[in-house]
Amino acid sequence: MALRTKSHDMGMHTERLSGRTQQRFFEPDEEENFTYPGAFEVDFNKRAEFDAAKLTPTEINHKIRELLSKGNGTIVMKNPGAKHGVAVGILNKLNLIIEGSLGYFGCGLIDGPNIRIKGRVGWSCAENMLAGTVIIEKNAGSTFGAAIRGGDLVCMGDVGARMGIDMKGGTIIVGGRAGAFCGFMMQRGRMVILGDAGKNLGDSMYDGTIYVGGKIEDLGVDAVPGEMTELDCQWLERKLKLYGLKAPNGVKNMTKIVAGRQLWNYDNLEPAEKKLIL
Amino acid sequence: MCGIAGLIHRGKTGEIGKEMTAMLQSLKHRGPDSTGYALYGSPKGNALIMRFKAAEQEEMKHGFHIHDQVKERKVEVEKRLKELGATIVSEEDATEYAYRYVIDFGGDKRKLANYIEDIEGVEILSLGYGLELIKDLGDAATVTDQYHLKGFKGSHAIGHTRMATESDVDIRSAHPYWAYPFADVSVVHNGQLTNYWGGRRALERKGHRFMSNCDSELIAVYLADKMQQGAELKDAMTDSIDELDGVFTYVVATADSLGMAKDVMAAKPMVLYESDDLVALASEEVAIRSIFPKEIDTFDPYEGEVRVWKR
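Here the protein sequences come in this chain order: A and B.
Using UniProt numbering, the first residue of the first sequence is number 1, and each one after it goes up by one.
Using UniProt numbering, the first residue of the second sequence is number 1, and each one after it goes up by one.
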């Protein structure tokens, strides 16, 4: 990736930018088949079950890795008991079925697995998720999908406040209602709320799109209605069908919210220049 | 970070001592400094239950004459009760410094509370017909064993595990708080109130007393003040959403009700389970799971939400 020189041209600085934002982490060609060093080869048809009732969160996470190392591509966890920090840091392809509820920070920092949770999840589910799918059959707590970068995060029920705060990509879908401050400082990705949305929706969002099927209590700073296009409708139809969900009044009648971009006072600046301003 | 919990059995009594202990013990990681219970048993006629302490637990370890002083304070309490026309029906020493008296008293409870608390080192933890408020240092298992709470039966309860952030680690700063001078009203809170000193000054001017420097006590006194003016519990709680500033989720209990309120930012957690027989709520679902062997549906209340349930 060539270094950008706009800021040089503007005379803001003379040094070569060499920070993290200038680095290339992945080859585009390997994106679809990328696996982490040390990832386990698993067979989705090889299935294992374990009971988490008497295990600590650390023991549960070790158990998942142990079963992965034995080639199990489908793992069923019974009795998770709403414990915190369960099923985190899974950087492997895997079908994980959780028969119960999770506490805080469940499924955080994952890249690749498909997870179905048959109960509820507490605060900060799937935080920083990179890829894969997480489907929750019941309700979810606050900061659902905070800072996710990719993948599909789906809650069939209601979610709490600050869903998708700081999200940088991926898709979050909610079958029911969502609380206040959802999409706060959202930077990229799509959020779909089939029910009502709480106050300050999309507050200070930089980019990304929010679709709402029900009522919106009010919009946050710099969040504005956008025009629903045919492309939006097609995408919504396709995505909702994947998870067996339907917009209560049809996707065409959903409200689209985007960034007004009035807060983009550093729109044309390079990362190093943004740091100077912020 | 503190842990709060509440439960109410509808139309019956249950093993609330055992249940609340399980809930609070599973929230121990949210606050190991102290644990408190407000348990609501079955009222027996006009018998008033007074829980009070005559010293802090720490004082008992370090004071030169504290053991004698505690005995003297207890004698003074009994003397003053007699002066006010109260009859002691029974008494129990829960610990060397905390007591449970059942008294027969038909007079002014505020006057009684003020006169008793005028004794140095004495604080009434609760005064009520059903309410018994117990709080001490340590986790739920420790406090339950110390005060023999596992066999306590009743209709509803609230509890708290405290991580001290705003004030000292002592019994007076532990939750729940009794909403002096109202019989049977208690409060637990998770969060920080940013208008504590302004609110406290306004309420002290009205004649209300504060026993600690803990911001959570403001909620109890605030609700007591509102109810003194004739407000219903739910209305007082609804007003608190606008008038209390900061981040908070609190749970309040009265003789026959359990309520919860959440600030407009929804910054502090709360999970609810509601059925025809029982309502249980806690900072984390793991606490509710501790009393349910079977799979249940739970949900989060929303920002600015106030809910009240009758037993």
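A few of these clues could be false.
[Unchecked claim] Calculated pairs, EDC-like style, for lysine to aspartate or glutamate (alpha carbon to alpha carbon, straight line, at most 16 Å):
no. : chain 1 : residue 1 : chain 2 : residue 2
1   : A       : Lys138    : B       : Glu92
2   : B       : Lys44     : B       : Asp33
3   : A       : Lys138    : B       : Glu295
4   : B       : Lys153    : B       : Asp256
5   : B       : Lys294    : A       : Asp218
6   : B       : Lys294    : A       : Asp51
7   : A       : Lys256    : A       : Glu227
8   : B       : Lys109    : B       : Asp225
9   : B       : Lys74     : B       : Asp33
10  : A       : Lys138    : B       : Asp297
11  : A       : Lys118    : B       : Glu120
12  : A       : Lys199    : A       : Asp218
13  : B       : Lys310    : B       : Asp225
14  : A       : Lys63     : A       : Asp51
15  : A       : Lys118    : B       : Glu295
16  : B       : Lys12     : B       : Asp276
17  : B       : Lys111    : B       : Glu92
18  : A       : Lys78     : A       : Asp51
19  : A       : Lys70     : A       : Glu49
20  : A       : Lys199    : B       : Asp256
21  : A       : Lys252    : A       : Glu237
22  : A       : Lys252    : A       : Glu230
23  : B       : Lys82     : B       : Asp68
24  : A       : Lys78     : B       : Asp118
25  : B       : Lys74     : B       : Glu92
26  : A       : Lys78     : A       : Glu49
27  : B       : Lys206    : B       : Asp225
[Claimed, not checked] Using C-beta positions, here's what the derived DEER-type ranges look like:
no. : chain 1 : residue 1 : chain 2 : residue 2 : range
28  : A       : Leu263    : B       : Asp242    : 50 to 60 Å
29  : B       : Asn195    : A       : Lys70     : 51 to 61 Å
30  : B       : Asn46     : A       : Gly244    : 40 to 50 Å
31  : B       : Lys111    : A       : Ser204    : 49 to 59 Å
32  : A       : Lys70     : B       : Asp93     : 56 to 66 Å
33  : B       : Val264    : A       : Leu263    : 48 to 58 Å
34  : B       : Gly151    : A       : Lys54     : 42 to 52 Å
35  : B       : Met163    : A       : Leu109    : 17 to 27 Å
36  : A       : Tyr206    : B       : Gly230    : 32 to 42 Å
37  : B       : Asp168    : A       : Lys54     : 35 to 45 Å
38  : A       : Pro225    : B       : Glu295    : 39 to 49 Å
Worth flagging that the hints you see were computed from the coordinates, not collected in a lab.
Please read these numbers as outputs of a predicted model, since none were measured by experiment.
Heads up, the beta-carbon is just placed ideally off N, CA and C, and yes, glycines get one too.
Quick rundown of the hints versus the structure:
1. A:Lys138 - B:Glu92: violated, 47 Å
2. B:Lys44 - B:Asp33: violated, 34 Å
3. A:Lys138 - B:Glu295: Roughly 12 Å between the alpha carbons, so the hint for lysine 138 of chain A and glutamate 295 of chain B holds.
4. B:Lys153 - B:Asp256: Between lysine 153 of chain B and aspartate 256 of chain B the Cα gap is close to 15 Å, so the pair holds against 16 Å.
5. B:Lys294 - A:Asp218: violated, 39 Å
6. B:Lys294 - A:Asp51: holds, 15 Å
7. A:Lys256 - A:Glu227: Judged against 16 Å, a Cα distance of about 7 Å means the pair holds.
8. B:Lys109 - B:Asp225: holds, 15 Å
9. B:Lys74 - B:Asp33: Measuring from Cα to Cα gives roughly 27 Å; hence the hint is violated.
10. A:Lys138 - B:Asp297: holds, 7 Å
11. A:Lys118 - B:Glu120: violated, 56 Å
12. A:Lys199 - A:Asp218: With a Cα-Cα distance of about 5 Å, the restraint between lysine 199 of chain A and aspartate 218 of chain A holds, given a limit of 16 Å.
13. B:Lys310 - B:Asp225: violated, 22 Å
14. A:Lys63 - A:Asp51: Answer holds: lysine 63 of chain A to aspartate 51 of chain A is near 10 Å, not above 16 Å.
15. A:Lys118 - B:Glu295: The given pair, whose Cα atoms are some 10 Å apart, holds under the 16 Å limit.
16. B:Lys12 - B:Asp276: Holds: lysine 12 of chain B and aspartate 276 of chain B sit about 11 Å apart, inside 16 Å.
17. B:Lys111 - B:Glu92: Measuring from Cα to Cα gives roughly 23 Å; hence the hint is violated.
18. A:Lys78 - A:Asp51: Within the cut-off at roughly 5 Å; holds.
19. A:Lys70 - A:Glu49: holds, 13 Å
20. A:Lys199 - B:Asp256: With Cα atoms ~33 Å apart, lysine 199 of chain A and aspartate 256 of chain B exceed 16 Å; violated.
21. A:Lys252 - A:Glu237: Within the cut-off at roughly 10 Å; holds.
22. A:Lys252 - A:Glu230: holds, 8 Å
23. B:Lys82 - B:Asp68: violated, 21 Å
24. A:Lys78 - B:Asp118: At roughly 57 Å apart (the allowed maximum being 16 Å), aspartate 118 of chain B and lysine 78 of chain A break the hint.
25. B:Lys74 - B:Glu92: Cα-Cα ~12 Å, so holds.
26. A:Lys78 - A:Glu49: Distance of about 7 Å is within 16 Å: holds.
27. B:Lys206 - B:Asp225: Satisfied, since the Cα-Cα distance of roughly 9 Å is no more than 16 Å.
28. A:Leu263 - B:Asp242: 50 to 60 Å: violated, 28 Å
29. B:Asn195 - A:Lys70: 51 to 61 Å: holds, 57 Å
30. B:Asn46 - A:Gly244: 40 to 50 Å: violated, 60 Å
31. B:Lys111 - A:Ser204: 49 to 59 Å: holds, 54 Å
32. A:Lys70 - B:Asp93: 56 to 66 Å: Hint holds: Cβ distance 59 Å, inside 56 to 66 Å.
33. B:Val264 - A:Leu263: 48 to 58 Å: Since valine 264 of chain B and leucine 263 of chain A have Cβ atoms about 23 Å apart, the given range 48 to 58 Å is violated.
34. B:Gly151 - A:Lys54: 42 to 52 Å: violated, 27 Å
35. B:Met163 - A:Leu109: 17 to 27 Å: holds, 26 Å
36. A:Tyr206 - B:Gly230: 32 to 42 Å: Taking Cβ atoms as reference, tyrosine 206 of chain A and glycine 230 of chain B lie about 50 Å apart, which means the hint is violated.
37. B:Asp168 - A:Lys54: 35 to 45 Å: Taking Cβ atoms as reference, aspartate 168 of chain B and lysine 54 of chain A lie about 37 Å apart, which means the hint holds.
38. A:Pro225 - B:Glu295: 39 to 49 Å: 41 Å Cβ-Cβ, so the 39 to 49 Å window holds.
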